[in-house]
Structure formats: structure tokens, C-alpha cells
Amino acid sequence: MADDALFEFLHMEIVALVYKEQATREDIDKERVTCVSTLDAMGFRVGQGMIERFTKDCPTFKDDLDLMKFLCKDFWSTIFKKQIDNLRTNHQGTYVLQDNKFALLTQFSSGKQYLEEAPKYLAFSCGLIRGALSNLGLESVVTAEVSLMPSCKFQVVIQKL
Amino acid sequence: DNVCSGELKFHYTVHTSLDVVEEKISGVGKALADQRELYLGLLYPTEDYKVYGYVTNSKVKFVIVVDSSNTSLRDNEIRSMFRKLHNSFTDVMCNPFYNPGDPIQSKAFDSIVSTMMVQAC
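Protein sequence lines, in the order shown, are assigned to chains B and D.
If you use this note's numbering, the first sequence closes out at 203, no skipped numbers anywhere.
If you use this note's numbering, the second sequence closes out at 125, no skipped numbers anywhere.
Quick caveat, the hints were computed from the structure, so don't treat them as lab data.
Just so you know, these numbers come straight off a predicted model, no measurement behind them.
Among these hints, one or two may not hold up.
Negatives, chain D to chain B, calculated, CB over 12 angstroms [what the hints assert, rightly or not]:
#1 PHE14
#2 ASP79
#3 GLU81
#4 ILE82
#5 HIS90
#6 PHE93
#7 GLN109
#8 SER115
#9 ILE116
#10 SER118
A short, non-exhaustive set of chain B residues, derived as facing chain D with CB atoms under 10 angstroms [claimed, not checked]:
#11 PRO101
#12 THR102
#13 SER193
Glycine included, each C-beta is placed from N, C-alpha and C at the ideal position.
Chain D on its own, in the form it takes in the complex (with noise of 0.2 angstroms):
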């Protein structure tokens, strides 16, 4: 039961920091016309959680979600965390048995998102 919840908190963080990625996107040829980065920064702080975005040129939204205690993770540490991300996802979109828009099961994909979740820790 606690779990169950505590990943329904999670999917919910998710989906409502969506709504701060297409804000963010959507700014970008109006006001950040120089500042076409894909990393989005932190979308916004909740009292548990840090959210931050990061979205590719084929709009693939990579949200990570940090516990707000843990205070060592810098910046740059969020971005090469989201630089590996992109990096597999683009390796899991050029495998031939990947049908894009099916939930990815790369088994590599996996593992690099496992270890990163370890390190970050």
C-alpha cells in the first residue's frame, strides 16, 4: 500500500511538472530567443522534491525528480546526469526492434538509468 502511493506521488510530480516543461518550451522563440538549450533547469521545488526538466529536438521530455534533502547534487552533476539520458535514449531509438512510442525495454537503457540512480544516492 505504501508503495503503491509513493510511486502515484511520484507519476503525479511528474505529470504536473509536464505542464512547466510546455511553458518553458513554448517561451523559448519569444523571450529566450538566444538561450535555445535543451536542459530546462529546475522547473519547480516542492517541499519534498526538486524537478527538473530537460527536452530534446525530437520533444522527448526527460523529467528527474530530486529529494529536496539532498542538497550535494550541483547543477552540472543534473546536467551530464541528463546529457546520459539523452545519449542512451538516442541508442535505444537507432535499435531496430524498438518501435518509437512503445515504453522502452532496452535492458542497457535500464542499467544506465539504475547506476546513475545509485550514484546520485
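Isolated chain B, as found in the complex (with noise of 0.2 angstroms):
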């Protein structure tokens, strides 16, 4: 459907910006503030009304395993159209999601062409989640990997105050 290409062409354009404006910038200033960070924290900042907006009518979670799972299911197919495949966690904190088909990298490639700009893409989707989670009360640090197109995984590590 045109409406799912609308987000990713914008998310597209978003990231150009973020690295052409980074390019004008004087390098004092580029230490401070790179383009990973400011997509990361605009993801945050939607991360955490999406969030807010999707919980709305679910009673509460029973724990941080029942929270991840709504995040796999429910709040990554009402934004990517789809679930995340695979939730491996340690049980102490660690969670790792695995989508096979992320949305945002399938018109890059499906093998290991443009691999090197994948990151890039991912920043956004990593502040995504670390916004939803902090908004529901568990703050944590969120890393992403990419090895072969378009499947990728995000790495949660929840922080324990």
C-alpha cells in the first residue's frame, strides 16, 4: 500500500539531512553532536508517544518479559506491519529481536550490498524502542546489528537502577 512507502521515503530523507547538515557542521561541533544520536533521540521522542498512544487500552503487564512481547507483537506490526520473528532473552535483562524482513532496509538490498549504510537506518529504530521502554518505566541502552540485508537484530539491555 502507498501509505506504508510513505514513512519509509520520509525516514529516508531524514537520515540524508541529519548527514548533509553533520557535513556543513564545524568538526568541534561534530564531536558533540553526531547523526546517530540526534536520530536516535527523535526515535525516543515518538518511541514514547507511540507508546503511550498503543497502551492506552491494555491493562497493565504482568512483567518485563510480558512488556517485550506487546513490543514484538503488537507494537512492532502496528508500526513495521509486521512482528518481530525471533525474541531470545537471558532472563537477566539482555534481549535481543530479530526481524528478518525489516522494514526499513528492504529496498537497500537482500544480501550484503550498502551493508556499510545499514546503521545509519537503524539509529531512528533503536530510539524507537529505547523511547517506548523508558515512557513504560524500564530505561535501557538499545545497539543494532546488521549481517546480511534486510534481516537485522536490536540488542535491549535494560538498566537496573
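Fit the two chains together into the complex; they arrive one by one in their own frames, and the hints show the way.
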């Protein structure tokens, strides 16, 4: 459907713009504000708002795992039109979410071409996860890893206070 | 002077009710495993007021203080007031000009709250 493409195109333009602006900055500013952190911060705020809306009508979560499952099923499918394909955890606060056909990478390649560009396009989504979790009361560090497109893994490490 | 002390009393009532809210939500996992509702019901009655609570999945707590003499307000009406509050709060959250954690300045939110308060009296 055309409306799925809307966000994909917008996201590509956002990444391009952020990197273009970075190129025109002074070197000293470049160290302070990285493109990845800018994109991550954008995703964070969006994640906070979206999770508020999506959890409005559901009962409270039993525990962290219940929450992560919600993220992998309902949250992911509302935003990316499919669920996370695989969720693994060490039951000690680390979760790995694997998406074998990540919506924002499908247009790049189905192998290793353009692999080095992939991390730029995952920063926003990492922020999205971090923002959603933060609003639900869990602070986390989220990183993404790609070895074969369009499959990618998001690693979430919950920070214990 | 009178207005100020009235406001202070409300602030105090709401503050103490937060302890009851914490008690209720931490009890969820153990005794009330099935009841994972957002609406917490009557928190505690004082001589002048009845205090109701509601907590969202994002740990935002809503507290409604009703005059004890108002016996016409039923449980389902309180529930629907909380739903309206939750819906307006969600809209505030999605407003790009709102920074989470800041006091709410949205006029739309204020007008929904005022309308509800007028309807309840």
C-alpha cells in the first residue's frame, strides 16, 4: 500500500538531511552531536508518544517479559506492519529482537550490498524502542546489528537502577 | 487566605493518596494477578472527600477527589472520567511541542478537564 511507503521515504530523507547537515558543521561541533545520536533522539520522542497511545487500552503488564512481547508483537506490527520474528533473552535484562525482513531495510539489498550504510538507517528505530521502553518505566541501551540485509537484530539491555 | 489553604489541603490529600496508589500497583503481581486494570477504584475516604485513582501503563497516575456529599456520582461515571483524562493525556503526549515530564500547558487538555468538572457537579 502506498501509505507504508510514506514513512519509508520520509525516514530516508530524514537520514540524508541529518548527515548533510553534519557535513557542513564545524569539526568541534561534530564531536558533540553525532548523526546517530540525533536520529536516536528523534526516535526516542516518537517512541514515547506512540507507546502511550498503543498501551492506552490494554491492561497492565505482568512483568518485563510480558512488556517485551507486547513490543515485539503489537507495537512492531502497528509500526512496521509485521511482528518481530524472534525474541531471545537471557532472563537477566538482555533481549535480542530479530527481524528477518526489517521494513526500513528491504529497499536496500537482499545480501551484503550497502551493508556499511545500514547502521544509519537503524538509529531512529533504536531510539523508537528506547523511547517506548522508557515511557513504560524501563531505561535501556539499544543497539542494532546487521550482517545480511534485510535481516537485523536489535539488542536491548535493561539498565537496573 | 482561605483559597490558599483550600488548595494546600487538596495538594496534601492527593499526595497522601499517591502512597495508596503505590501500594495498589505493587500488589498487582502477587495477590491480584488477574485483575490488571488501569482503574484502581476508591483509594480511601476521608470525612470530606472520596479519592479515586487510576494508573496508566506508562506509570502516570491520575487522582480524582470528589466531595463526599456528592452521592450521585457512580463508579462507572468515575471510570469514564478517567478514560477521558487518559485519552486527553495521550493526545498531550503525542503533541510535538510537549516535552515529557513538563507541566501540561495544553489548552485543549485544560478545557476537557474543566468541562468534566462542571458536568460532575
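Here's how the hints hold up against the structure:
Every beta carbon of chain B lies more than 12 angstroms from that of PHE14 (chain D), the smallest distance being close to 26 angstroms; the non-interface claim holds. Every C-beta of chain B lies more than 12 angstroms from that of ASP79 (chain D), the closest at about 18 angstroms, which supports listing it as non-interface. Residue placement check: GLU81 (chain D) keeps its beta carbon more than 12 angstroms from all beta carbons of chain B (closest about 19 angstroms). Separation of ILE82 (chain D) from chain B is adequate, the least Cβ-Cβ distance of about 18 angstroms exceeding the 12 angstroms criterion.
With a least CB separation of 6 angstroms from chain B, HIS90 (chain D) falls inside the 12 angstroms interface cut-off, contrary to its annotation. Not every CB of chain B is more than 12 angstroms from the CB of PHE93 (chain D) (nearest about 8 angstroms), against its label as outside the interface. At roughly 17 angstroms, the least C-beta separation between GLN109 (chain D) and chain B is larger than 12 angstroms, which holds for a residue marked as non-interface. No Cβ of chain B approaches the Cβ of SER115 (chain D) within 12 angstroms, the least distance being about 20 angstroms, so the stated non-interface status holds.
Every beta carbon of chain B lies more than 12 angstroms from that of ILE116 (chain D), the smallest distance being close to 15 angstroms; the non-interface claim holds. With a cut of 12 angstroms on Cβ distances, SER118 (chain D) stays outside the contact zone with chain B, its closest approach being about 22 angstroms. Because the closest C-beta pair between PRO101 (chain B) and chain D is about 4 angstroms apart, less than 10 angstroms, the hint holds. At about 4 angstroms, the closest approach between the beta carbon of THR102 (chain B) and any beta carbon in chain D falls short of 10 angstroms, and the interface hint on this residue holds.
With a least beta-carbon distance of about 30 angstroms to chain D, the hint placing SER193 (chain B) at the interface is violated under the 10 angstroms criterion.
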